[in-house]
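Chemist: Chains as they are written, first to last, in the numbering used here: chain Z, 1 to 219; chain Y, 220 to 454.
Any given hint might turn out to be false.
In the SDA-like style, the derived pairs of lysine to any residue whose C-alpha atoms are separated by at most 25 Å in a straight line are [said to hold, decoys possible]:
{"#": "1", "chain 1": "Z", "residue 1": "20", "chain 2": "Y", "residue 2": "329"}
{"#": "2", "chain 1": "Y", "residue 1": "372", "chain 2": "Z", "residue 2": "15"}
{"#": "3", "chain 1": "Y", "residue 1": "372", "chain 2": "Z", "residue 2": "68"}
{"#": "4", "chain 1": "Y", "residue 1": "294", "chain 2": "Z", "residue 2": "119"}
{"#": "5", "chain 1": "Z", "residue 1": "102", "chain 2": "Y", "residue 2": "271"}
{"#": "6", "chain 1": "Z", "residue 1": "20", "chain 2": "Y", "residue 2": "436"}
{"#": "7", "chain 1": "Z", "residue 1": "123", "chain 2": "Y", "residue 2": "318"}
If you anchor each label on the Cβ, the simulated ranges turn out as follows [as the list claims (entries may be wrong)]:
{"#": "8", "chain 1": "Z", "residue 1": "163", "chain 2": "Y", "residue 2": "271", "range": "18 to 24 Å"}
{"#": "9", "chain 1": "Z", "residue 1": "163", "chain 2": "Y", "residue 2": "386", "range": "22 to 28 Å"}
{"#": "10", "chain 1": "Y", "residue 1": "293", "chain 2": "Z", "residue 2": "144", "range": "42 to 48 Å"}
{"#": "11", "chain 1": "Z", "residue 1": "89", "chain 2": "Y", "residue 2": "386", "range": "46 to 52 Å"}
{"#": "12", "chain 1": "Z", "residue 1": "126", "chain 2": "Y", "residue 2": "446", "range": "43 to 49 Å"}
{"#": "13", "chain 1": "Z", "residue 1": "144", "chain 2": "Y", "residue 2": "271", "range": "37 to 43 Å"}
{"#": "14", "chain 1": "Y", "residue 1": "448", "chain 2": "Z", "residue 2": "142", "range": "48 to 54 Å"}
{"#": "15", "chain 1": "Y", "residue 1": "397", "chain 2": "Z", "residue 2": "147", "range": "39 to 45 Å"}
{"#": "16", "chain 1": "Z", "residue 1": "204", "chain 2": "Y", "residue 2": "323", "range": "27 to 33 Å"}
{"#": "17", "chain 1": "Y", "residue 1": "447", "chain 2": "Z", "residue 2": "23", "range": "25 to 31 Å"}
{"#": "18", "chain 1": "Y", "residue 1": "293", "chain 2": "Z", "residue 2": "142", "range": "42 to 48 Å"}
Bear in mind the hints are in silico, worked out from the structure with no lab data behind them.
Ideal placement from N, C-alpha and C gives every residue a C-beta, glycine not left out.
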Amino acid sequence: MNGVHDMGGMQDMGPVQAEKNEPVFHEPWEGRVWGMMWLGSAWGKWNLDAMRHAIERIPPADYLRMSYYEKWLAALVDLVTGRGLATRGELESGRPAAGSAKATPPVKAEGVPALIARGNPVKREVAVAARFKVGQRVRGRNINPQTHTRLPRYARGKVGTIERDHGVFVFADSNAHFQGEKPQHLYSVRFAARELWGEQAAPRDSVYVNLWDDHLERA
Amino acid sequence: MKTSRRDFIANAGAAAAAMHDLAHAQASNQEHEHDHSLVPSDPALRVKSLESLLVEKGLVDPKALDALVDTYEHKIGPRNGAQIVARAWVDAAFKKRLLADGTAAIAELGFGGRGGDYLQVVENTPKIHNLVVCTLCSCYPWAVLGLPPIWYKSAAYRSRAVIDPRGVIREFGLELPEDVEIRVHDSTAELRYLVLPERPAGSEKLKEEELAALVTRDAMIGVAKVTLPKPGGQA
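Same shape as in the complex, but just chain Y (with noise of 0.2 Å):
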């Protein structure tokens, strides 16, 4: 497509003001105020209406979205990368390939594409602490913890994580002490991190399956550690 950049602007300019909303966004509010009674402002309602022209216009059909959205609702999520977790803490050579080749690793447990086509494994220690973020947008291992929560997405998290890592870890409730080494990693590419936590003390009994239960989704960001059940707590 040969669209210069000064067209594409004025293009996504136009665009922007016909979402009534944007209105506000891209041109002055006064100017466009009157058009605001002629559309929702209800994001749901004007969701609604783009789907509708889409799906006429043939360009989406909407039982793809649905099922994209049942996939990521109940099929990608962080299971996938607690599996992987698990996996690399009972079987060394495992972990050894994970470490290497992140990518080749996680596809033999049959995990990849869509926010993993890249994926880099890096690994806490006694140490060394690593902690995930996208400060420029969003980027996330999709396809091994699915979905980012709103928290990573969020301006706090983006913009201090790089500049305050013990800060922002600290207000997940985890202390870490002065000598361990914080690396933190900016997702600015379409490579994707998996933090490989530390195992548990006194989880040496546990199998394999039952210490993917134990690895939570903010465990491999980086933002906690993975433990064992308090005593007394769950059954």
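So that you can see chain Z by itself, here it is in the shape it has in the complex (with noise of 0.2 Å):
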């Protein structure tokens, strides 16, 4: 999706402002909706790049006004009803339905440690061929879909060289519509910066990125 999210090589945003001693969470709001989104996946009714999506989704003047955590709440309540944790009258009311169903057992504090380590496992040990080779030049499809994907704008179209095949990944584009896993080679794609942004740019800099087959094509 060609949506406010996909920033890289967008102008005028002004400074990066760094705050000295930044605290982890600003509020205590802010942890729990994070540690919500972690607890609320561990049912299994959305993954991480169904979660990206619905970061992307929110509107862009919206996205750009809200604050991060902000966002996360926004998406988190857009996956737990949509994904049919809870409804939206459940929302509304603050309670659960008459009658519903009690989920049980949610991941306990003990669970947590294990939770962490678990991490987000997406390699896959499968054999896929590999559609192209460390060393060869390749470009970035020009493709514009509505969907999620995780081919910058920036690189579309673009030329580079593989860099590095890091083996077979679930990937992001269909995972996040739950359209199945389509596992393929993920790779680090080199692009001179030159390539990207015109002579402005300096001679030797380059950008890497972690583009799967299905970005890719023959350059």
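Two independent chains are provided; combine them into the complex using the hints.
Modeler: Encoded structure:
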């Protein structure tokens, strides 16, 4: 989706403002939202790619205006109701619907270390042939799906070189829409900064992007 | 789940409208304006209400939430990454393993899991400077640096790191010579990057723990270098 979230190369967003001694969470509610997103995902109703897409779907003006965890809250509400963990009515009332079944068991405090250790394993040990070889020149495909994609706009139509083949990974673009893992090779592709931005870029600078087979074509 | 995209979006839209701040976001403001009096507008109150609903439905255990937040506020943070860097500076064999297979070498120190399932370590040298960004969202090596600072997630950083890395790094107070090659790493998949900064000159006599204390989060993202404390500064 050519959304405002795809920010690489945009200009006039102002200076980068770092905060001294920044806390992990600025308000307790931020940690609760962040944690609920994670614990909620343990029910298997959504994955990280779907979560990212839920954030991307926030309308652009709001996306830019909202704080980071406000966006997470919007996405969490979207996922909780859209994926059937709670109904819109329940959210409005703040109470479970009469007669609704109680889910059990949720992840307990003692299960948290295992949850963290489990991570988000998306590498797949399946035999899928790589379409490209290390050292090969490739072009980011000129695709403009209205759905989730991890191919940033700035790399589309641009020529780069395969630097590393990381093996077979779940394809985020389909996984975000629950349309299967479509496992395929994931690469580090090096794009010269001048290929991306023209003569204004420094001659030896480059940008490395992780792209899947379906994002690339022969150059 | 066989939800079509159309249904998914429709459901999502309905859901968002249910949270009344999002009525602004996903429907016309005026249409939903009257709803605003029904719910608190303060995110803290809305989150409290959402949490109590999910707890009552058995979906979330509040003690598990406490444990998650506590872990990332107190246990998983940039000190993890600093240990890795210091080890690499004093142990050439470890550094070699670290650069060859970041995930495996970092697991030797006990780090990994969420936000660090697949780690790649990129080394800064006098001629090469690495910078990490996530232009599409906020991907960050949680397992070794904890949760990202606001600036890393900001539109300013995400937009400019790829097109104007020198300018961004300069805003952090670091001027890189023109002959230094900058490699920007855009975290577009589940691989996470850790920058191995250059060991500062004059640190030869420091022990591993002392070296780790010098390593900053910003240096491991690539917007700073590691420096020795100024003479006469800290005790």
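Chemist: Now, for every hint given, state plainly whether the structure supports it.
Modeler: Comparing the hints with the structure gives:
no.	hint	in the structure
1	Z:20 x Y:329	violated, 29 Å
2	Y:372 x Z:15	holds, 13 Å
3	Y:372 x Z:68	holds, 7 Å
4	Y:294 x Z:119	holds, 16 Å
5	Z:102 x Y:271	holds, 13 Å
6	Z:20 x Y:436	holds, 12 Å
7	Z:123 x Y:318	holds, 20 Å
8	Z:163 x Y:271: 18 to 24 Å	violated, 49 Å
9	Z:163 x Y:386: 22 to 28 Å	holds, 25 Å
10	Y:293 x Z:144: 42 to 48 Å	holds, 44 Å
11	Z:89 x Y:386: 46 to 52 Å	holds, 50 Å
12	Z:126 x Y:446: 43 to 49 Å	holds, 46 Å
13	Z:144 x Y:271: 37 to 43 Å	holds, 42 Å
14	Y:448 x Z:142: 48 to 54 Å	holds, 51 Å
15	Y:397 x Z:147: 39 to 45 Å	holds, 41 Å
16	Z:204 x Y:323: 27 to 33 Å	holds, 30 Å
17	Y:447 x Z:23: 25 to 31 Å	holds, 27 Å
18	Y:293 x Z:142: 42 to 48 Å	holds, 47 Å
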